[in-house]
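**Student:** Residues per chain are reported as follows:
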Amino acid sequence: MDMTTTFQAMTQAVVDGDRDKAAGLARDVLARGGDPQEAIENGFIPGIQKVGVLWESGEYFLPELLASAEAMKAAMAVLRPALETGRAAALSLGKVVLGTIEGDIHDIGKNLVAALLSANGFEVVDLGADVKIERFISAAEESGAAIIGLSALLTTTMLGQRRLLEELKSRGIREKYKVLVGGAPVTRKWADDIGADGYGENALAAVQAAKALTGRR
Amino acid sequence: MIPAIRPKVELLSPALIDQIVGEAYLILEREGVLFENAEARALFRAAGASVDEAAQRVRIGRRLVEESLLQTPASVVLYDRQGEKSFHVGGDDVHFDPGSAGTRIVDLRTNRERPPVTNDLVTQARLTDALPNFHFQSTSLVSSDVPPIIGDSYRVYIALLHSAKPIVTGTFRVEGFGPMRDMLAAVRGGEDELRRKPLAIFDACPSPPLKWSHLTSQSLIDSARAGIPSELISMGMTGASSPATIAGTLVQHVVENLAGLVLCQLAAPGAPVIFGGSPSSFDMRKGTTPMGAVETMMIDMAYAQIGKALHLPTHAYMALSDAKTADAQAGYESGIGAVLAALAGVNVVSGPGMLNYESAVSFEKLVIDDEICGMAYRLIDGIAGREIPLAEHLFRDFKPDTQFLTLPHTRKWYKLEHRLSTLPDRDTYDAWVAAGAKNIAGKASDRVREILDKTPVRSPEPALAEELRRIILDDARRNGVAALPV
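Sequence lines, in order, name chains L and V. Residue numbers for the first sequence follow my numbering, so the first one is 1 and each next one is one higher. Residue numbers for the second sequence follow my numbering, so the first one is 218 and each next one is one higher.
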């Protein structure tokens, strides 16, 4: 395969949501001594961009969107370690610590956000559901994350978003992190009221908000 | 007289039921179900189930499930607060009650959602008490003006103070069970009396897929031991937290509910259990869980049919809508749901009054839904040959000017055959305009005010009210809550 064909195959693997194929193509590049960065930029990223277009036009639904995000993630997992340190950092949009707040076991929305964030170049530390405030903070401190993302489906657990912001302030580390909030009961007004840095009405909006927070778009 | 047949709709063939239940047995035995609760696992272990402590996984053999099913009563009888009026929950009986645990309310004045306060819970209980087609009340709202820690017990307190109907409720915390049971027992004058005459159903939801949390397992154990019926609320979302196909989701539903049922029987053999649920179709665009989708209703009808095949009382969340106000979508989704639930013979149908994916209550919708439920009850009463001859005698000596309004036959039967509806618009056009040209929501809003103005509260005896107050104040104090709104 010439490079153009290879890049097209990579793009197609992401569009098709074919995780095995995407990872296989990524491994082939490394085996041939190819440039991982070129593969990412010319092969895989055009794929996830195309998926975004298909979603916006109403052709793709959540199962397709998630499968593509998974394929992207699989390819990145192969290629990222092969990048030179500086280039890996340049390519990463940053680390996001993500979870659903304590008392809340609902994590479908959060999982969508996690998948789309990693597909778009963020490194996601997914803490799962029913996560204590303390755990969000310790995970952020340990991983050197730039963003903390808080999901909540219930009005009662939504209050935990405010508590996390207060806790960050009381420890004097509020400025270290951008805090992104979301979930069914969360509104722009609530996000503003509690002083969050960003708010996503849905998973794609959350990705846009995260990009805006890191100054990448 | 020729009696009516009970109109019924079934969606599953016997072969499909066998396949669904058969696969459920396989999963229970091979893959098992996760139980976070140590006491639950101990009960399973003592009964000979294979328990993996580290993974919190319990594998349940077919024999244990079948024995548990044999121990579970085929019906439950609930009694109102006075212990007089009884409600048989089983067979093809249908009882509508409002949906549960809303965290939002659609404000009557602004028509926008806001957090509910205690006064809204009082209104909800009073309306439910007055509206004739709700056989039970539900703790439909969670007060935002009391600390969440006592949110579960406080709503039962408000319910008992403002309505005499049996209650569908549930715990938010393990410690909530004690005060809730104590209040119910206080009404009956003791725990044995409560066991003999259940006043409430406790809902407990597994976490899909295939997990019972610490809290919900404890609710099953505690309720079983107190003789309080548990309603098992499995809630897969097709393609998100359960298989995408309806039949596939039904397999998971049966696994989760049967695992819960076995736990109830291990905690107290013969414990009353209701085979319920709140599954839903999953919107693959919005990532939401439409309760008004026809597929959601189909899943409900189908697991109810399976519950009946297992000789269990049944429950479903139907007659509710995802609309945000009491509009046409609210009407058609709730109306179709109520009628299908009734035709499926779901014993406890929770949902009226609810909007926005089971999260918000509208008082207007509650009033409209009461009318819908009345229609559904009438439908399943069917058509009887009231007397023989049916009509032949009315036509003897038939004349061109015969009219039926004045016949004794008409006066004898019209009220039994026909519901007299006053809420839907049945005016002539001119009369409708003259009366203010109101739509159904406007008329329902008037009805809400009329009920609140004119219907006296059915309060408990002062001594009982005082006892209930003592229990809730104790609970509040234990949890560091200094004052309560009511």
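Treat the hints as calculated values from the structure; they're not laboratory data. Fair warning: this is a prediction, and the values are worked out from it, not measured in the lab. Note that CB positions come from ideal geometry on N, CA and C, so glycine has one too. It cannot be assumed that every hint is accurate.
To be verified - Partial chain V-side listing against chain L, Cβ under 10 Å, derived:
1. TYR242
2. THR320
3. ASP362
4. ALA381
5. ALA457
6. SER458
7. THR462
8. MET501
9. ARG502
10. THR505
11. PRO507
12. ALA510
13. TYR574
14. SER576
15. ARG636
16. LEU681
What the hints assert, rightly or not - 30 Å max Cα-Cα, derived BS3-like pairs, lysine-lysine:
17. L:LYS176 - L:LYS50
18. V:LYS503 - L:LYS132
19. L:LYS178 - V:LYS503
**Student:** Hint by hint, note whether the structure agrees.
**Tutor:** Hint by hint, here is what the structure shows:
Violation of the interface hint for V:TYR242 is found here, the shortest Cβ-Cβ separation to chain L being roughly 27 Å, above the 10 Å cut-off. With 10 Å as the threshold, the beta carbon of V:THR320 comes within range of chain L, its nearest partner Cβ sitting at about 4 Å, so the hint holds. For V:ASP362, the suggested interface contact is broken, since its CB lies about 13 Å from the closest CB of chain L, more than 10 Å. Because the closest C-beta pair between V:ALA381 and chain L is about 29 Å apart, greater than 10 Å, the hint is violated.
The interface hint given for V:ALA457 is met, as the beta carbon of that residue sits about 5 Å from the closest beta carbon of chain L, less than 10 Å. Proximity of V:SER458 to chain L holds as hinted, the smallest CB-CB distance being about 7 Å (cut-off 10 Å). Of the supplied interface hints, the one on V:THR462 is violated, with its beta-carbon coming no nearer than about 13 Å to a beta-carbon of chain L, more than 10 Å. Residue-level restraint check for V:MET501 holds (minimum Cβ-Cβ distance to chain L is 4 Å; threshold 10 Å).
Proximity of V:ARG502 to chain L holds as hinted, the smallest CB-CB distance being about 6 Å (cut-off 10 Å). A distance limit of 10 Å between C-beta atoms decides the matter here; for V:THR505 the minimum to chain L is near 8 Å, and the interface restraint holds. Taking 10 Å as the C-beta contact cut-off toward chain L, the hint placing V:PRO507 at the interface is violated, the least distance being around 13 Å. At about 15 Å, the closest approach between the beta carbon of V:ALA510 and any beta carbon in chain L exceeds 10 Å, and the interface hint on this residue is violated.
Interface restraint check for V:TYR574: the shortest CB-CB distance to chain L comes to about 8 Å, inside 10 Å, so the restraint holds. Given hint, V:SER576 at the interface with chain L, holds; its Cβ is 8 Å from that chain's nearest Cβ, closer than 10 Å. Taking 10 Å as the C-beta cut-off, the interface hint given for V:ARG636 is violated, the closest approach to chain L being about 38 Å. With a cut of 10 Å, the hint placing V:LEU681 at the interface with chain L is violated, because the nearest CB-to-CB distance is about 30 Å.
Distance check on the hinted pair: L:LYS176 and L:LYS50 sit about 34 Å apart at the alpha-carbon level, beyond 30 Å; violated. Distance restraint check for V:LYS503 and L:LYS132: the Cα-Cα separation of roughly 28 Å lies within the 30 Å cut-off, and the hinted pair is therefore satisfied. Straight-line distance between C-alpha atoms of L:LYS178 and V:LYS503 comes to about 26 Å, which keeps the hinted pair within the 30 Å bound.
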